[in-house]
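Peer 1: These are the residues of each chain, in order.
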Amino acid sequence: MNNPILSVAHLSVSFNHGNKVVDDISFDVYPGETFALVGESGSGKSITALSVLRLLPPNARIQARAISLQGDNLLRRSEYELCRIRGRRIGLIFQDPMSSLNPVMTIGDQIEEVIKLHFDPPQQALKRRVLELLRQVEIPLPEQRINDYPHQLSGGQRQRVMIAIALAGEPDLLIADEPTTSLDVTIQAQILALLKTLQQQTGMALWLISHDLALVSNLADRVAVMQQGKIVETGHCDEFFRHPQHPYTQKLLDALPSMQSCLTHRRQETPPLLQVEDFKVYYPIRKGIFKRVVDHVRAVDGVSFIIQQGKTLALVGESGCGKTTLGKGLLNLIPGTAGRVTLDGVALDTIQGEALRQKRADMQIVFQDPFSSMNPRMLVGDIVAEGIQALHPGVSSVNRQERVRQLLQQVGLPEDAAQRYPHEFSGGQRQRICIARALAVDPKLIVCDEPTSALDVSVQAQIIELLKSLQQEKGVSYLFITHDLAVVAEIADEVAVMHKGRIVEYGSVAQVLSEPRQAYTKKLLGAVPVLRTENKPFADQGKEAVL
Amino acid sequence: MIILWTDALIFLLIAVMLLLGFYLRGKEYIKRPMQQIARSKTGMMSLTVLIFFVVVGLLDSIHFKPPEGHGNEIISALDYWATPLREHSEKTYSAPFAVYLYSKEMMTLPDGTEQWGYPRLQFGGAHLADPETEHLPDILEKAFYGWLQGAGLVVFFMVLLVSLLREPHKRFIVSPTAKAVWAVVFLVVSVNYMLVYLSAYYHVFGTDKVGEDVFYQAIKSIRTGLVIGTLTTLVMLPMALVFGIMAGFFRGWVDDVIQYVYTTLNSIPSVLLIAASILMVQVYMAAHEEKFTSVIVRADMRLLFLCLILGVTSWTGLCRLLRAETLKLREMEYVQAAQAMGVRRRVILLRHILPNVMHIVLISVVLDFSSLVLAEAVLSYINIGVDPTTYSWGNMINGARLEMAREPVVWWSLTASFIFMFALVLAANLFADTVRDAFDPRRGAYE
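The listed protein sequences derive, respectively, from chains S and V. At position 145 of the first sequence the residue is numbered 145 (my numbering), and the sequence of numbers has no breaks. For any residue, its number in my numbering is found by taking its place in the second sequence, counting from 1, and adding 547.
Hints are computed from structural coordinates only; laboratory data are not their basis. Honestly, I wouldn't trust all of these hints.
Listed below are the simulated DSS-like cross-link pairs for lysine-lysine, each with C-alpha atoms no more than 30 Å apart in a straight line [said to hold, decoys possible]:
| no. | chain 1 | residue 1 | chain 2 | residue 2 |
| --- | --- | --- | --- | --- |
| 1 | V | K588 | V | K574 |
| 2 | S | K468 | S | K444 |
| 3 | S | K20 | S | K251 |
| 4 | V | K875 | S | K291 |
| 5 | S | K522 | S | K196 |
| 6 | V | K875 | S | K500 |
| 7 | S | K500 | S | K287 |
| 8 | S | K359 | V | K574 |
| 9 | S | K291 | S | K280 |
| 10 | S | K196 | S | K127 |
| 11 | S | K280 | V | K717 |
| 12 | S | K280 | S | K196 |
| 13 | S | K522 | S | K280 |
| 14 | V | K578 | V | K717 |
| 15 | S | K287 | V | K875 |
All of these numbers come straight from a predicted model, not from anything done at the bench.
Could you build all of it, start to finish, from the sequences and the hints given here?
Peer 2: Laid out in structure tokens, this is it:
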């Protein structure tokens, strides 16, 4: 094999003389290859990338024997020289295309800025080069788009612009730090395909940082797994996924939800719990000085479904399709809803005020972000007890505490959890607290709004296990809102696919996932990255996803 | 003992703060930032200076009728303690540490001849037989003795403390922060003791136009500054809190009305409002003379109204901040979760919104304090501030500004008020910085 383009030897990073966040890791990236660094959140993968470019905050301490770019030790380079390397020889793409583009500059100017910095061509050539880059990243109508501001572009297009900026310096190595994590699954597939094509065109090396093993298995040539600052396993992609050596890697692979699991379970019919007919959520668009309503944004546009007792309906769709709005609308958390909602024989759409408040106990919600869904200034015990206090004010404080203790135990939290604050817990533990809070008022239905998408795979599997066991124990039904089709297979009995405010396909999980009827569902399923164990080209991945 | 309106409010404020401290004492989310403040050297040093100012202000807030034969104007504990200072009035201006008056006048010498010259001061340096030779050595000697006594006092208390404290509490003395605090205490107490000691013999900051000791004026002004800083906050805080949170939480017409009110209020020049309300108070007092028999009661009423009107004009800024923050918080998922659990609105407001905006309140209150102290000085300068008989830094500056053109310059009133105001505002600002850092989670309060 030829010489590595980037060689990192014995790199350690620590903050404020604390523990090592990155602990003595070594790896090489070779020209033209895709090297993937995989790990759960907090394992130090982004820190590793940033420390190579020396972009860490001043309180970071970087130690290494060498970080060499084509034999040139970057540690010996001054800040001035490093500025000539960043962007020119190493390009970088960040996770969130929204916050990494300057909102008050046109995308053309932002790309130009980089070209000017490194090459300084004449004005004519500059413009040509920008257009060429935009064409390269497959932005439609680049002549018009060049003067657009970031907010005028969609998330996928913004990420394409980011890639164009990274490519503007014609780097030998492109670092992509979770490039698709904040994108929808269909967009994700497009961006990954683009990265692959660009790599083939330019012959640059791609250093991919990701938490998604399935995605990595489709894209990478070599894989390294990081755990708590250490690289625990490195290997060629095929070998790596076929015979994972390290127990941690095996655990990660086992935790991946798999599409096949849905075919195994088939449960009995039960009476319906929640019946929704022609449910709508319209947001008025107001114009003029009198704020007349001129039109409506149809966030949810006439959906109907039934959830059976003790069963789970998964609501699947891409971001912006109205699935979260539907969930919150059902709970009466947002104004402007219409349609018939019947929960256990009670028409929820007709009652209001105190009667509605009392009925709220029957329906609870678990949110996506375990960090913003709990008041940071309340003890966990008080958070869990809040619902009991509000809906059953007669319960004595001793009984309430006993109930909180039981609930926390049920969701698998330590004894002393009630006396601690939310920020002392990890993401998965916080999500357990949220589940305990929802369970506190004995609901019949829990709306789970992407409860696992902010969590690592291994934690995600645990939470899903917990939800399933609670369902068996208490007979509670779930409306499971998610964008992740693999999770759907794990937990759902029925699936409703949402697109632009409407349900486009609705049926049992086995039917929808294995024999989708609608084109949109097929497209969605095709885009899900599936763990690749055979050596297949990237383009075949769609077929495999449909099983 | 006589309790003036502002006294009552000050004591009420202190009682409320003590109660609040008692209520929050075990709360984790208050304890951690407090500990961070306690670890900060700058914070604790500025707090020490602030406490010194507050103690002086409190002493000045205990009013009573003087004992028989000492006049019948109401005095405060500070006045009583500083009686010599208060009564050592000269004829007119005299420079700091001067022995002679600022202006020449006709004197009758012991031998009966008349002379046009600078007369000796009645009190400043009156103990000197021959000012020409004894003056400077005497000042240095007295300053040294005064400083030594002050320093001795601090050292004595420190030794007492060290011998009394048991092992776990020793950190109150030996930790780096404690050392810094003790250094400040040492400096403040010894220097002030020295000044007080000296002012028994000299006018350390000179005298003003009517011969009153400027050091005494500056000390008396501390209370005025503190009253304006704190009572205004007391007026402004409930309005800003209630309106800001309501506007942000309920949206709709409530928000429209509140926004309309504060935009309107903001667009009226506040100087105009203040002038109008001060005028109103004066008219009221003129109409009800029987209720305001004493000069000090009148002055106090005017001070109170100044605080009120400053409060009414200054709540809009904080209200706007709170509205924005509440708008953000009401969309937080924990608020929605509480709603889904059937928690009542007022409980949501009290339990989920209020505690999460408290850091903003705390920060802006401490920052506003210093700007209000400065505002008082500006308002007195254009004669719509406190009563001319009230001692305040603003009045001192106002009085001194006309004398700036004299030759030699009468600089001491200005300097004294500048030094005191600077010390108070700087300490308040430094403390506010520390408080802000400690309560802002993004600045790593939980590290």
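Peer 1: Compare the structure with each hint and give your call.
Peer 2: How the hints compare with the structure:
Distance restraint check for K588 of chain V and K574 of chain V: the Cα-Cα separation of roughly 24 Å lies within the 30 Å cut-off, and the hinted pair is therefore satisfied. Of the pairs offered as hints, the one joining K468 of chain S and K444 of chain S holds, with about 14 Å between alpha carbons and a cut-off of 30 Å not exceeded. This hinted pair checks out: K20 of chain S and K251 of chain S have alpha carbons roughly 24 Å apart, not beyond 30 Å. A threshold of 30 Å between alpha carbons decides the hint, and for K875 of chain V with K291 of chain S the separation of about 23 Å falls inside it, so the pair holds.
For the hint pairing K522 of chain S with K196 of chain S, the CA-to-CA distance comes to about 23 Å; that is within 30 Å, so the pair holds. Restraint check: the Cα-Cα separation between K875 of chain V and K500 of chain S comes to about 27 Å, which is no more than 30 Å; the hinted pair holds. As the CA atoms of K500 of chain S and K287 of chain S are separated by approximately 24 Å, the hinted pair is consistent with the 30 Å bound. Distance check on the hinted pair: K359 of chain S and K574 of chain V sit about 33 Å apart at the alpha-carbon level, beyond 30 Å; violated.
Between the alpha carbons of K291 of chain S and K280 of chain S the distance comes to roughly 22 Å, so the proposed pair stays at or under 30 Å and holds. Restraint check: the Cα-Cα separation between K196 of chain S and K127 of chain S comes to about 26 Å, which is no more than 30 Å; the hinted pair holds. Simply put, K280 of chain S and K717 of chain V have alpha-carbon atoms about 68 Å apart, too far for the 30 Å limit, and the pair is violated. For the hint pairing K280 of chain S with K196 of chain S, the CA-to-CA distance comes to about 41 Å; that exceeds 30 Å, so the pair is violated.
Proposed proximity of K522 of chain S and K280 of chain S is supported: the alpha carbons are some 26 Å apart, at most 30 Å. For the hint pairing K578 of chain V with K717 of chain V, the CA-to-CA distance comes to about 21 Å; that is within 30 Å, so the pair holds. The suggested pairing of K287 of chain S with K875 of chain V holds, with an alpha-carbon distance near 24 Å, which does not exceed 30 Å.
The structure fails hints 8, 11 and 12 (numbered hints given earlier, in ascending order).
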